[in-house]
Structures are given as structure tokens and as C-alpha cells.
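Please work from the sequences and hints to get the whole structure.
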Amino acid sequence: MFQPTEPILRPVTGAAPQQPAPAVSVVIPVFNEAANLRDLVARVHEALAARPGGFELICIDDGSRDGSERLLLELAAGRPWLKPVILARNYGQSTALQAGFERAAGRYIATLDGDLQNDPLDLPALLDRLDTDDSIDMISGWRQQRQDHALSRRLPSRLANRLISWATKVELHDYGCALKVYRREIIERIHLYGELHRFIPSLAKEAGARIVEVPVRHHARTRGQSKYGLDRSFRVILDLLLIVFVLRYRQRPLHAFGGLGLALATPGLAMLGYLVVLKLLGETIGQRPLLMAGTMLVLVGLQFVAVGLISEMLVRIYYEKGPRPQYHLRPPREPGGPGW
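Quick note: the sequence shown uses the UniProt record's numbering, first residue 1, plus one each step.
Treat the hints as calculated values from the structure; they're not laboratory data. Every residue gets a Cβ at the ideal spot worked out from N, C-alpha and C, and that includes glycine. Just so you know, nobody snuck in bad clues.
Simulated restraints on C-beta separations:
| # | residue 1 | residue 2 | range |
| --- | --- | --- | --- |
| 1 | Gln303 | Arg210 | 38 to 48 Å |
| 2 | Leu262 | Thr284 | 26 to 36 Å |
| 3 | Ala270 | Gln144 | 52 to 62 Å |
| 4 | Ala293 | Val315 | 31 to 41 Å |
| 5 | Arg316 | Leu242 | 19 to 29 Å |
| 6 | Arg217 | Leu242 | 23 to 33 Å |
| 7 | Arg162 | Tyr193 | 22 to 32 Å |
| 8 | Pro80 | Arg217 | 27 to 37 Å |
| 9 | Ala207 | Thr284 | 55 to 65 Å |
| 10 | Arg248 | Glu188 | 21 to 31 Å |
| 11 | Met313 | Gly286 | 33 to 43 Å |
| 12 | Glu188 | Ala270 | 41 to 51 Å |
| 13 | Thr132 | Gln303 | 47 to 57 Å |
What follows is the structure, given as C-alpha cells:
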């Protein structure tokens, strides 16, 4: 897994002794959630403080503008298990999660939203099941009793869940629930970018994860503003096209582009062959629309095959050299310093 080379994100006043890795890492992306952070940190501590092996809470501030960064650093000053990660700007939820995954040291990794609609008190039961059942690699939460009363959120979500399940062949009732727990090795096999956080179960399945879905509690948002709108439904459809392509053809793009190219070029060649026969029989073919159609189909088909070959070369480079870092970090400001 990629190991970041940029500075530690929490203020360090001296050399600290090496601490054993915690049993659980909780990763939470944060964007303009200052009103919820104190309660969020307190509830995660309440849920996991008594758990054997200890835990760490990694909160990734994704370019917040409401003071979330400052509050996270204040809370971390007296809580060694709280580890803020401060991104230089707003990169989106997928990149924020990836930043947290790269710093998670636990044997188990849990995620939830920072708006307190997920209940941290559900974590112990999910972790216990993962700890006692070796046949499970990932547990995904299912908000059976959703407290989002707006039809504009519930109906698109239901349709999206069914569409994603059908397209990816990973049957889940609730892809949008952020409350999930994983074995570490599963997280190490996937890499998030763009907005692929919606499709983590599909990516995990491809990585060999055995997934179950468990009902969890869901609370209405009481503070702050929702970050989701109707435009999210349209983005889900576009992202779904990407994830289906990635899952099926990531390691063999020539099969996708080349297959489409051959499907276009074959009838084009048949048309041109037919016209060649007519030409040999003495007929004039220069003004026939079939000549233009056949030529265009062959040219477009060859272009798709060429794109497939180029994609194969890019895939080879990608796997041999590895991806470049997709985000940059900003060192935290010192308490009392400029801009605090």
C-alpha cells in the first residue's frame, strides 16, 4: 500500500515512543462539520474505549471552511488516539477516505460519516462479528429505518441501490451507508479516487472480499447542512458506467475497445466487399451511400482498436510503475500562530 512521504499532520513536540498498532482504526471524512465534531469524537470514544487492543480515530478534514480544522487539532491535543489529517483543499470524499486508509494502522478498519446520522455505538457489534467469523471480510451497514424524510433523497437512493446492485452483481440494499467495517487486507487491495467511495463494496468484492449486510441505526441530522442534492443521482449514473468498465475491463481494455471496434469494422468490411464485387461486375459504385457508410464503419472500428491497444500499454505502465499521489497535504497551523 502507498506510504505517504509528507510530514506528520499532528503537531509533534518531541520524539514519541513507538506505540503498538491499535486493533481498530476508525476513518471519518469531515467537511464543514464543526457543529458535530465534539459529540462525534465523544461517541466514538464511548463506543470503543473499552475494546481490547485499543483504537485510533482518524478524522480527515477535507478543506472545511467552518473551523473544523482548528477544532480537530484542539480536540487531538488531549486525545492521543485522535489523529487529524488536514488536506490542502477540498478533494472529495473518496480522496479523503483514501488519505485515512493510508494512515490506518488497525487490524480492522471502520468508516462512518461525520454528521452523527450513523451511530458509533453500532461499531462494537459489527467488529465482534468480524472478529469471530472468519468467513466475513467486510460488513456493510443497512439503514432499514432511514430518518431522511425528504422524498428527494430516499427515492433516488432506492433507485440507485437497485441499479448498482444489478450492474455490479453485488446485491446490497444500501450502498450509501457510510457505516462499514473491513479487514485490513481488503482495504490494502483497493484504491479510491474520483467518487468511487459509493462503490467500495464492488471494489472490495473484486478484491476478493466476502461481504455481508447488517441493519444499523440511523439518526436524523440535527446540526449542520447536508452535502447531498439531486445532482448526486446523475453523477451516480456516470460513475456507475465507470465502475462497470473498471470492474470488467480494467486489466483488459483491448477487449472492450477492440470488441466494439471489430463490431463496427466487420459490417463495414462486408459492405466494402459487396461493393468490390459490384465493381468487378462493371457497376459504378462511386455515388453509392453504401460506400460512405462502409468506409466510415471501417475507419471508426480501426480507431477503437487503436484506442484499445494504447489503453493496454497504459495499463501495463500503470501496474509496473504504480499510481502517482492524488492529493497534497498541508502542515497544521501551530496554536496561536498566524491564521489560527
